[in-house]
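Go ahead and model the full structure; you've got the sequences and the hints to work with.
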Amino acid sequence: MSLEVTGLEVAYGRTRAVRGLTLRVEPGEIVTVLGANGAGKTSLLRALQGAVKPAGGQIVYNGHDLTGQGAAARVRAGIALVPEGRQIFVSMTVHENLLMGGYLRGDDKLNRDVEAIYDRFPNLASRRDMRASVLSGGEQQMLAVGRALVARPSLVMLDEPSLGLSPLFVERLFGLIREINAEGLSILLVEQNTHMALETATRGYVLELGQVTREGPAERLAADASMAEAYLGGGADPAPAPA
Amino acid sequence: MSGYWTGIVTILAINVVFAYGIYLAVATGQLNLGGAGFQALGAYAAAWLCFELDWSPAWTIAAGTVVAGVIGMGIAIPILRLKGVYLVLGTFAFAEVVAGLILNSETLGGAMGLPVPAYIEWQVPVAAAVACALLVFYLMATRFGLAVRSVHDDDVVADLMGVNVRGVRVAAFALGAALAGLSGGLYAHAFSYVEIQGFNASLSIYVLLYVLLGGAQTAWGPLVGAAFFTLLPEAMRSFLPAAKEAIWTAFGVTGDISPPDESWRFVVLGAAVIAMMVFRPEGLVTRDTFAFPRRRSPAAAPTREAAE
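Line order of the protein sequences matches chains A and B.
FYI, the numbering for the first sequence is 1 to 243, going by UniProt numbering.
FYI, the numbering for the second sequence is 1 to 308, going by UniProt numbering.
Calculated from the structure, these hints are not laboratory results.
Just so you know, even glycine gets a beta-carbon here, dropped at the ideal spot from N, CA and C.
It cannot be assumed that every hint is accurate.
[What the hints assert, rightly or not] Looking from chain B toward chain A, a few residues come up when the C-beta cut is under 8 Å (computed):
#	residue
1	Leu146
2	Ala147
3	Arg149
4	Ser150
5	Asp153
6	Asp154
7	Val157
8	Asp159
9	Leu160
10	Met161
11	Gly162
12	Val163
13	Asn164
14	Gln217
15	Arg287
[To be verified] If you want the footprint, here are the derived chain A segments under chain B, 3+ residues with CB under 8 Å:
#	segment
16	64-75
17	79-87
18	92-99
Now the structure itself:
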C-alpha cells in the first residue's frame, strides 16, 4: 500500500516546476511536503492527482503504474485528494457533496459510509440538505475531508488544508488527520503551516525549486536549525512587505 | 379549445421541449446559443422526410430528433473544447452555418421553405413536453444528474472525484441537441410549413433566456421560463389596451380610445427581462425555492427534543 514517486518531472512549457523528485509514502505514514511558495508543492500534487501529465518519472501506487493516467484512475486505486482552498461544490447540498466523493463507487455500502461521515461530523449531519455555500470555512474543510473519506481511500492527500482556518479549526483539523491516520489511512500532507505539519507527520520532505533538498523523520527536520530559519520564522525576520 | 388557444398551447409545448434541450447544456455550465440551428435540423429533417418520402409524423419527428442529436454530438466533441464566451460564439456560429446551408439548398427549398403535408394536433406537442419534462427531472435525479451539476459547479474538482467531465458535457449537449431537434419536428408538423428565416438568432437568444431567466439550477426553470415568456406577450394583448384605456380615462379622456401599438408588448417583455436580470439573476426558480421548507426541519428537530 505504498506510494512511490521516482524521478518525477513536471514542466509547463520550458519552465520545469518539479525536477527529478523522488518521494515515498509507506502504509500508515503521515508524510509532509514542505516548501516556500513556488517550490513546486502544488505542481507535485497536480501530477499526483492526475491533473497534469508528468514530463518524466513514475508514479506507482500499490503496484499500479498511475503515470499519465487521469484522476479517475487515482480514485480507483485508492487515492483521495482534499484540494487546496476546500473547493467544495457550493451550489450542491452537503449530502450531494458527500455523494460526489463516492461517485466512482458502484457498491451498495455508499449510503452507510456517508452516514458514518455524519457520525464523525455532527455539524454536517444537521446541515445535510443545505447548500454547502452556507457552511463556515472550518465546516467546509470538514466537508472536503469527509468527501475524500467517502471514496474509501487508503491514501489521503491534503493540499494546504489549514489555509484560511482559525487556529481553533487548525487544531481540530490536525487532530482529525491523526485520527484518520490511526484508522489505517496513509496521509500525504502539503502544508504552509510547517510547525503543525512537522508535529503531526512521521516523515517530511523539503522542496526547493522543484527538488527535494532535505528529507527525514519529522523530529529531525523540526530540529534542523536552517529549517527553522527558512520555514519556521525562527531566524531573521522576513523582509517587510513594501508599503 | 378555440383556434387561438390551441395555437398558444402548441407553441408553449414546443418551447418547453426546446427549452429543455438548451437546459441540458446549460446545466453542465455551457451556454448553447445555437438552439435555432438544432431546432432547424429537426424541423427540416422532419419536413423533408414528410414532403419527399411521405413518412408519417411519428417517424419524421423521431428521425429529426436523431439527426439533431447525432449532429449535436459530432459538433460537441470539437466545440466543447472552447470555453466561456468562445463556446457561446462557437454554438452561435454553428446555427448560422446551418441556416446558411439550408438557405442555399435547393433540396430543402432554400428561401422558399418546405411545406409539411402531415398535420399533428396540439395534443402531440403537449404529450412530448410532458415526456421531456419527466425525462429531464428523472435524469437530474440520477447519478448522471449529480455529475452534471458537479461539472457545472467546478469542473476541476468534479474531475478529481472521478467524473468524466468531457463525457458528461458531450452527452448533455448531444441529448439537448436531440430535444431541440424534437421541438423542431413538432414545429414542422404543427405549423405545416418550415422556412429557415424563422430559425434565426433571436430564436436562439429567446430559448436561452427561457432557461436562464426561468432558472438553470433546477429542472423547473425551463418549464417556468418557457411558460412565462410564451404567455406574457399573449397576456399583454388584452392587458395593454385595458391599461391604456384606464390611464387615458384617469386623465379625463373620453370616447373611443385606440389600442396601443403592437410593439408595446415587446417593450414590456424587454422590461421584464431587464427587471429579472436585476432582481432575480439566478432565475425565477432556484434550488432555494424548494430548500426552504426542508431547511427548517433539521433546525426544528433539536428544539423538539429539548422540549420533550
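Each hint, compared with the structure:
no. : hint   : in the structure
1   : Leu146 : 6 Å, holds
2   : Ala147 : 7 Å, holds
3   : Arg149 : 6 Å, holds
4   : Ser150 : 5 Å, holds
5   : Asp153 : 4 Å, holds
6   : Asp154 : 6 Å, holds
7   : Val157 : 5 Å, holds
8   : Asp159 : 5 Å, holds
9   : Leu160 : 5 Å, holds
10  : Met161 : 5 Å, holds
11  : Gly162 : 4 Å, holds
12  : Val163 : 6 Å, holds
13  : Asn164 : 7 Å, holds
14  : Gln217 : 7 Å, holds
15  : Arg287 : 7 Å, holds
16  : 64-75  : holds (count 4)
17  : 79-87  : holds (count 3)
18  : 92-99  : holds (count 4)
Violation of the numbered hints given earlier is absent; every hint is satisfied by the structure.
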